[in-house]
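Between the sequences and the hints, there should be enough to build the whole structure, so can you do that?
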Amino acid sequence: MDLAQIAVMLAAAALYLMILPARWRGWALMIGSVVAIYWLQPSLAIRWLDYALPTAILAITMLGWYFTLPQDVKPMRADIAAFTVTILIVLTLSLTRYIDVPLQLTTRPPPLETVAAALAALLLGGVLLRRFLPPKALLWLAMIGLIVLFGVVKTPALAQEAARLLRLNAGQDSTLAAGSELAWLGFSYVAFRLIQTIRDRQSGILPALSLSEYLTFIVFAPAFTAGPIARAENFTESFRALPGMTGRDAQRITVGLSRIAAGMFKKFVIADSLAAFSLSPVLAEQAQTTGSLWVMLYAYGFRLFFDFSGYTDIAIGLGILFGILLPENFDRPYLKNNITTFWQSWHKSLSDWVRFYVYSPLSRSMLRRKPKPSNYVIIFISTAATMVVIGLWHEVAIPFLIWGVWHAGGLFTHKVWSDKTRAWYRGLTAGRKRIWTAAGVLITLQFVMLGWVWFAMPTVNQALAVFAGLFGLNLGGAP
Amino acid sequence: MMPGWDWLTRAKYTGGFMLRVLLKAAILFAIINLLFALTNPIPALGMISIYNLLSPGRLRLPYGESESSYNLSLYDLNAMFASHTLNGRHNPDEAAVLVMGDSAVWGMLLENKDTLASCLDSRALSVDGRPARFYNIGYPTLSAAKDLLLLDRAMEYQPDLILWLVTLENMPRREQLATPLAQNNAAAMRDLIAAYDLDLDASDPRFVDLDFIGRTLIGQRRALADWWRLQLYAFPWAQTGIDQVIGDYTPRSNDFDEDATWYELAGAEQLDDTTLAFDVLNAGIARAGNVPVMMINEPIFVADGVNSDIRYNFWYPRWAYDRYRELMREHADAEGWTYLDLWDAVPPDEFTDSPVHLTPEGTQMLCGQIAEALP
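Those protein sequence lines, which keep their order, are chains A and B.
Quick note, the first sequence lines up with residues 1 to 479 if you use this note's numbering.
Quick note, the second sequence lines up with residues 480 to 854 if you use this note's numbering.
These are computed hints drawn from the structure, not numbers from a lab.
Subject to a maximum C-alpha distance of 25 Å in a straight line, what follows is the list of computed DMTMM-like cross-link-like pairs (lysine to aspartate or glutamate):
1. Lys503(B) x Asp485(B)
2. Lys592(B) x Glu285(A)
3. Lys592(B) x Asp828(B)
4. Lys74(A) x Asp200(A)
5. Lys491(B) x Glu237(A)
6. Lys491(B) x Asp331(A)
7. Lys415(A) x Asp352(A)
8. Lys592(B) x Glu544(B)
9. Lys136(A) x Asp72(A)
10. Lys74(A) x Glu233(A)
11. Lys592(B) x Glu840(B)
12. Lys592(B) x Glu573(B)
13. Lys491(B) x Glu328(A)
14. Lys491(B) x Asp249(A)
15. Lys592(B) x Asp639(B)
16. Lys503(B) x Asp249(A)
17. Lys415(A) x Asp331(A)
Partial list, computed: chain A residues near chain B (C-beta under 10 Å):
18. Ala250
19. Gln251
20. Ile253
21. Ala262
22. Ala275
23. Ala276
24. Leu283
25. Glu285
26. Gln286
27. Gln288
28. Thr289
29. Leu293
30. Ala299
31. Asp331
32. Ser345
Remember, it's a predicted structure, so these values are computed and weren't measured experimentally.
Cβ coordinates follow ideal geometry from the N, Cα and C atoms, glycine included.
Listed below in C-alpha cells is the structure:
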C-alpha cells in the first residue's frame, strides 16, 4: 500500500463510521474489499492479467467457501445475495473495457462474454465437483490444487513458464515472458487463509461462515497485501459484532489512527530511509570494506522489521477503524534473548499458522509412530519442516530453503541448549541472569541478521560471497 | 490485546480528547509552517551534515538523478558544500586549491579517481612551497555565473589557489542564468549581480522566487526531502565510493551539418563583451581577492569529419571559437589574468560524449599541462 491508497482507505473508513447505517457495515466491508483487490493489484504486462488475477482470487475464494460448506448446509439467501453482488462487481468491472471511466481499477479487461463464460465454467465445475466427489476427497483436492497453484506462482521457473503460456494465450510475444509478470498481489496470504479454512473444515473446527463473512475474511482489504493472517473464528467474531459497533467511538478512532500513524512512520520514514543503504545484490558487490557490509546487513534487517511491522500497524489500525480486530504480528522481535522467542514475536500470524498446520500435525503423527522416534528427532524434523515451509512461502528458491534450515538449526540448537542448561540457569544469581539475557539478545540478533543474507541475496553464490565479505574474506569477489 | 501497545490502549479517549488533539495538531502545524516561512531554516539545516562526520566527505559536489549512483541534484549550496570533503578540511599546512568549472571538471563519465582534481592531487604538487590539496568544485551545466556562485560560497574555505576552467559554451550572456542552480539561488545570484555590477538581469523571470506558501514547510518539502536524501546517501557513498553510474554513452559527433551559426550569431564581429559574459569572469577574479586565480581555457574536441572545415565540433563553428580565444587572450592581457589556453592539449580520441568530456587518459594529459604551469 502506498500513501495514496492508505489515504483512500482512511477516507473510506471515515464514511463507513460516520455515514453508513450500522446494518450495512458487513456488506460494505465485503463489497469494498472485493473492489479493492482490483484497485490494489498493480498493472501487469500480460494482457488482461491484472483483471484476471483478482477475479481468480474471488473465484477460488467462493469455491473455497462452497467446498468447505458442510454437506447438509445449503447456501442461504444472504449467501446467494453475496454471490450475486460479487459476480455483478466482476462483470461491471469488465464493462470498463467498453467505456472510459475516470477511475479505471484495472487496465482493459477481457470481453464481457469471456468473463461470463469463464465464471460460468468455474461455477459449473465447482457444483459438479461438490456433487460427485466425496466431501473428504473434495477438500483434499481443493487443498492440493491450492498448493500446486501456490507452487507455480512462487517458483520462478514455473512462474516464467506460466507467464509464457499466458502470453501465448493473449497473443503476446512469449519470448519476453518473465516470472515477475505473475505478480499476484495478496495471493500468498489468500492461499494460506484458504488452506487454513480447508484444514479447519477437515478437523471440524471451522465455524459456520456465510459467504460474505468468508469472502471478507479472505480478502479483507487492509490485510490483503501484507497480512496478518487472522483466524476465521476471531475474524468472524469481529465481523458479526459490526452492526452493534458504535461508529463515532473516540477510543476506537484514536487507537486506530495512532496505529496507522505509527505504521506510516515506521514504513515511510524509517524503513524507506534504511532502504538507501540496505543490503542488496548491487550494494553487496560495490561494498569496499567489511564494515560496510555489516552496516548494510543491519540496515537490511532493521528495514525489513520497520517495513513489515509498519504495514502490519497500518493494517491493524485500519482494521480497528473498520471494526475488525486483526492479530498482532510483531512484538519487539530484535529484543528477544533466544531464537525461539524471536519466532514467537516475528511475523507471529505466519509462524502461528505454520505451527498449527505443519508443526503440530507432523509432530503428532511422529508421536503416534511405532517405534516412536526420540523426542529430539521429532522436534528436529518438525522444526525443519516448519521453517522450510516459512522459507518457501516467500519464494520457492534455494536461498529461502537455506534460510528456513538456518532458522531450524537455530531453533533446534536452542532447544537442546535450554534443555541441557535449565538447571544450571536456574541456579544463577539475578545479576548473572541479566548478563546471560543481554548476551542472548546480542547472539540472537546476530544470528537473525546473518540469516537475512540468505533472504536478501537471490543466489547461493551471492550469499556465500557476502558471508565471505562479512568475515573479511574475498571482498569484492561477489559474483 | 495488543502486545507492546498497552500505552496506547490503556488510556480512555473521548470525543473531546480527539477534538483537542486535532485542534492542537492543526495549530502546531500552522505555527511550524509559519515559523518555517518566516525563518527559512533550510540554509541552516543545510550546514548540518553526516558527511565529514560519520562518513567521508564527497569528492565532488552532489549532482545526478540516478538512485543507483547514490547521488542527487539539489540547490541548497550549504548542504552541497557541507557534504563536500572541502568542508572537512582540517590541515592548515596544506595549500587548498579549488578546481572549478563545468561537467568536464566535475568528471562526467569519470570515476572520482580519474577527475582532474584527483589527478592533480595524486601528483603530490606544491603551491607556494606547501603541499597542495586539490578540491573538485566543478559542477555540470554550462554557465560562468554558476561558477561564480559556487566560487562565492567556496571562498569561505579560504583557498590558496583557484583553477577556473572555462570554455566558450560557458560564456553566452543570455545563457548565464539558464542553469537551475543559479535560478534556485536567486538571492545569492542577485547579490553577486549587484556587488559586481554584472550585466545580467536581476529581475530575470527564470529566477525562482518563493511566495509565502512556497516558503512554508509544505512549500519546502522538496528541499527538505533532498537534504534528507543527501544525508542518507552518505552511507552508500561511504560504503561504495560511487557517486556516478558510468554506463555506455554515445560518442561525440565527428560529422556535422553545414551550419556555421552559433546561438543565431553568424560573424566574428558579433562576439564581444555584450554577447559574452567576460564581466562574470572578472567578477570571479575580484571575488577571489588576494587568492590567485589561474584561468584555463579547457581542451575541446577537434573533429576531422564532414564539415569539420567549418566546425571544430558539435558546439563550435570555427569562426566563433577562434574569435573567443582571441577575446580571452585580449582580456587576459588587459586584466592581468594568469591565463592558460589549453584548447588543443588533448587529442580527439580522448574525448567521450561531448566536446569537452575527457577520458581518464585525456584528463591525465590535461593534468600534466596544468601541473607544469602551477605557480
